[in-house]
Amino acid sequence: MPRLLGVDIPNDKKVTIALTYLYGVGPKIAGEVCVKTNIDGDKPARDLDEDELSRLSTLLERDYTVEGPLRRVVGQNINRLREIKCYRGMRHRASLPVRG
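In the working numbering, the protein residues as written are -19 to 80.
Bear in mind the hints are in silico, worked out from the structure with no lab data behind them. Take the hints with a grain of salt, since some may be wrong.
[Claimed, not checked] Here are the simulated DSSO-like cross-link-like pairs (lysine-lysine), alpha carbons at most 27 Å apart as the crow flies: (1) Lys8 x Lys(-7); (2) Lys8 x Lys23; (3) Lys16 x Lys(-6); (4) Lys8 x Lys(-6).
Hey, can you work out the whole structure from these sequences and the hints?
Below is the structure:
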């Protein structure tokens, strides 16, 4: 299994699908990343070599907020809502639905 940004991505999936296993990367961003790095998105992830993996990780770290930093930002936003005691923050604090 190739490792990308500390996450094992599945061998048998296409590269575009395997990239969606990263937190913060959906199908659209996965396609953009494959185009920017000149990697065929239809080949299996097991066929990625070290150069392609390094290009993917460099681009994701440089241009996108994914994995740990994204989780941190989302957590900080929720904590800010809790601290200012707005409606959404109170709903988060009580573990109730926020949007409906």
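Exercise. Which hint numbers doesn't this structure obey?
Worked result: No numbers; nothing is violated.
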